[in-house]
Amino acid sequence: MLDEEGLRQAVLKGDRDSVRTFVTAALDTGVDAVKILNAGLLPAMDVVGKRFGAKQIYISEVLLSARAMHAGLALIRPALARAGGGADTKPVVVLGTVKGDLHDIGKNLVGMMLEAGGFTVVDLGTNVSAQKFIQAVNEHGAQVVGLSALLTTTMREMRQTLAELRRSAGTVKAVIGGAPVTQEFADTIGADGYAPDAASAVARIKELVAPA
Amino acid sequence: MTHKERMLRAARGDWADRLPFVPRLDLWHNANRRRGTFPPGYGPETTTAEIADGLGVGHHRIIPEFLNVRTPDDSIDRGLGIFRLRGYAYRAELQHVDRVVRTEPDGATIVEYHTPVGSVSCKITFTEEMRESGASITWIDEHVIKRPEDYAVVGSIFRNIEVSPDYENYRAFQQEVGDTGLAVAHGVGGASPVQALMRDLVDGTQFYYELADHPKEVQQLVEDMTPFYEQLVRVLAASPAEAVMIGANYDDTITFPPLFEEHILPWLQRWAAVLHASGKLFFTHCDGENEGLLPLLAASGIDVAESVCAPPMVQCSLTAMRQAFGGRITIFGGVPSVVLLEESMTDDEFEAHMRGLFTEIAPGDRFILGVSDMVPPDAKWHRLVRIAEMVEEHGTLPLKTR
Ligand code: B12
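In the order they appear, the protein sequences are chains V and S.
Going by the working numbering, the first residue of the first sequence is number 1, and it counts up by one from there.
Going by the working numbering, the first residue of the second sequence is number 1, and it counts up by one from there.
Treat the hints as calculated values from the structure; they're not laboratory data.
Please note that the accuracy of each hint is not assured.
[Said to hold, decoys possible] Calculated Cβ distances over 10 Å to all of chain V for the following chain S residues: (1) Ile76; (2) Asp98; (3) Ile124; (4) Ser278.
[Said to hold, decoys possible] Calculated lysine-lysine pairs in the DSS-like style (CA-CA distance at most 27 Å, straight line): (5) V:Lys35 with V:Lys90; (6) V:Lys13 with V:Lys132; (7) V:Lys13 with S:Lys123; (8) V:Lys206 with V:Lys132; (9) S:Lys123 with V:Lys132; (10) V:Lys13 with V:Lys35; (11) S:Lys123 with S:Lys216; (12) V:Lys13 with V:Lys55; (13) S:Lys216 with V:Lys35.
We put the beta carbon where it would ideally sit given N, CA and C, even for glycine.
Modelling step: build the complete structure from the supplied sequences, incorporating the hints.
Written out as structure tokens, the structure is:
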């Protein structure tokens with residue numbers, strides 16, 4: 001049996017242990033892993049993202065919820081993989097802060113929310129060169145690359161990185177973000193998407209990977 | 001009136017003759033010196049003091065030059081948030097700690113601290129890319145606290161730090177600055193132990209898990225660090241400085257209101273009381289998004305909110321901040337760095353932005369005009385010149401409301 005409401009509340013509270021308990025109980029009683037994901041974990045994180053976007057909750061709550069959601073995800077991952085539908089076919093997003101820039105709190109949050117939103121995230125960390133982005137995109141067959149920059153100096157690096165990605169990483173979609181970045185800038189450098197915060201980043205990237 | 005007098009008057013809430021303008025030039029200076037791109041008329045050896053003088057503005061000596069070390073010892077304890085730089089009014093010395101320093105093949109510095117209660121280590125880097133992006137401080141790649149056991153070791157290091165006056169060092173700095181600006185005595189970047197934990201001692205994202213997972217360890221660390229803070233503020237309060245800077249990088253997302261209220265505000269209030277009892281002005285570095293923090297900052301007891309950014313770089317308007325501060329706190333900043341960049345706006349838009357700013361801050365009480373966080377390396381020189389001219393032409397206090 002899956003206590004959907006209990007599981008969602010546990011994720012909302014960032015209570016890892018309870019998430020594990022609910023998920024284990026559900027798995028033990030034969031509940032489908034996909035159902036646990038779609039009826040419990042994902043909707044809860046969706047609420048978290050919206051509340052954060054609306055400034056109703058703070059960064060620490062988002063991070064704790066994301067971690068709790070991950071704890072549940074770890075338990076259902078083997079079953080998801082067996083079911084063939086889940087883990088392996090999730091779209092891959094390569095994420096990183098561009099060269100010269102070491103700010104990572106916002107990028108980490110975007111990564112967490114993307115994972116919570118059903119993506120596989122390859123986080124390359126900070127100070128990432130165009131070369132490393134290209135390599136990771138090709139290696140992981142990523143559909144989307146997310147570039148973060150918090151400095152006006154490194155926004156320029158985004159332009160450079162994007163140009164090189166276009167040359168060497170095929171059809172990957174590029175999404176950019178970070179405090180000084182705007183939709184206008186994204187348009188100027190020819191990025192496929194921009195989002196001002198983590199919740200809208202997930203929404204924008206979902207649009208980009210949706211079959212046209 | 002000298003630039004220093006103007007700044008002091010503004011910081012104390014008195015009228016100066018005209019609006020002080022004190023742009024932070026160090027990063028712009030470093031980058032343009034390296035590239036050989038100083039404005040016409042300035043030779044390759046030009047100093048920030050000469051640039052400020054040429055512009056007719058105050059010399060910004062508020063934030064230490066963290067990369068400008070006399071010996072490696074000046075910044076070797078950066079992983080603990082501790083510096084011993086030129087101009088500091090205090091020295092913090094570790095006691096009963098065996099420090100082992102290694103350089104990795106990639107240039108990173110590993111610092112190990114061996115204490116009677118255990119060992120911790122950290123990794124500090126500074127790369128060419130960072131230099132180019134205008135970073136003014138080294139980066140902590142691995143923090144001293146990585147496991148719950150590390151708290152006690154770091155706590156013991158702090159318990160055994162001895163803070164002593166280094167007033168000669170500060171006086172030399174004060175003399176060098178003279179009347180060109182205000183020589184602010186720098187304390188530490190973390191206004192409180194928890195903010196130090198967040199900034200320096202653990203990874204910035206991990207920090208939020210630490211608060212939730214290890215509240216006892218965090219509480220013990222706070223207690224272990226308190227004597228260090230108390231010594232530090234006492235030494236700064238007794239120093240020859242007029243103004244002291246403690247605390248940096250608040251932001252309503254990362255130091256969100258309840259966190260700020262619980263873990264930062266009471267400490268700011270404490271330091272304000274100690275510093276004010278000795279007649280010192282209290283500066284703190286407010287370079288992030290201040291919107292959600294306004295009532296808390298207003299209650300903090302600080303005299304000057306330094307490096308205040310403005311739209312379009314943040315949401316918080318100068319008007320909202322002035323209202324919240326109710327004439328009790330001086331705003332230092334106001335020009336968002338992006339307006340100096342050619343690619344952000346046209347010259348006409350820049351002129352309009354600056355005119356709007358002058359109107360917005362009128363009558364100009366409790367205001368020191370500055371560029372937040374700093375003049376960027378690619379700032380259009382002419383725009384800096386223009387701001388200086390505008391201050392000269394329209395900056396007589398009180399400013400006209402128009
Ligand atoms: C915390 C902070 C730091 C910390 C970083 C800690 C860390 N591990 O990241 C420290 C103190 C180390 C630091 C250092 C520096 N900083 Co700083 N820092 C900040 C501060 C106060 C908050 C940034 C933050 O984490 N915000 C919270 C997160 C959650 O928000 P966010 O990053 O914007 O992310 C959200 C969105 O932008 C978006 N997003 C982010 N990434 C992505 C990616 C994608 C793909 C998408 C779709 C969306 C997206 O979603 C996120 C979540 O909602 C800002 C102030 C500000 N107004 O931004 C200055 C700021 C960014 N820093 C600044 C500066 C100048 C520096 C330094 C150069 C200072 C110096 N003199 O050395 C160094 C640079 C080091 C380097 N080379 O990178 C300036 C940049 C100015 C400019 N525009 O160029 C700012 C704006 C301060 C200011 N007022 O001037 N900084």
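Results for each hint:
Once the 10 Å rule is applied to beta carbons, Ile76 of chain S is consistent with being away from chain V; the minimum gap is 20 Å. The non-interface label for Asp98 of chain S is consistent with chain V: the shortest C-beta to C-beta separation is roughly 30 Å, beyond 10 Å. The beta carbon of Ile124 of chain S is kept farther than 10 Å from every beta carbon of chain V, the shortest such distance being approximately 12 Å. The beta carbon of Ser278 of chain S is kept farther than 10 Å from every beta carbon of chain V, the shortest such distance being approximately 36 Å.
Proposed proximity of Lys35 of chain V and Lys90 of chain V is supported: the alpha carbons are some 16 Å apart, at most 27 Å. Taking the CA atoms of Lys13 of chain V and Lys132 of chain V, the gap is about 36 Å. The hint is violated against a cut of 27 Å. For the hint linking Lys13 of chain V to Lys123 of chain S, the alpha-carbon distance of about 34 Å lies beyond 27 Å, and the restraint is violated. Simply put, Lys206 of chain V and Lys132 of chain V have alpha-carbon atoms about 24 Å apart, close enough for the 27 Å limit, and the pair holds.
Between Lys123 of chain S and Lys132 of chain V, the direct Cα distance comes to roughly 22 Å. Compliance with the 27 Å bound is thereby established for this hinted pair. With a C-alpha separation of about 21 Å, the suggested pair Lys13 of chain V and Lys35 of chain V falls inside the 27 Å cut-off, and the hint holds. Proximity of Lys123 of chain S to Lys216 of chain S is assessed by CA-CA distance (about 26 Å); at most 27 Å being required, the pair is judged to hold. The hinted pair formed by Lys13 of chain V and Lys55 of chain V meets the criterion: a straight-line CA distance of about 16 Å does not exceed 27 Å.
Between Lys216 of chain S and Lys35 of chain V, the direct Cα distance comes to roughly 38 Å. Violation of the 27 Å bound is thereby established for this hinted pair.
Hint violations for this structure: numbers 6, 7 and 13, all remaining hints satisfied.
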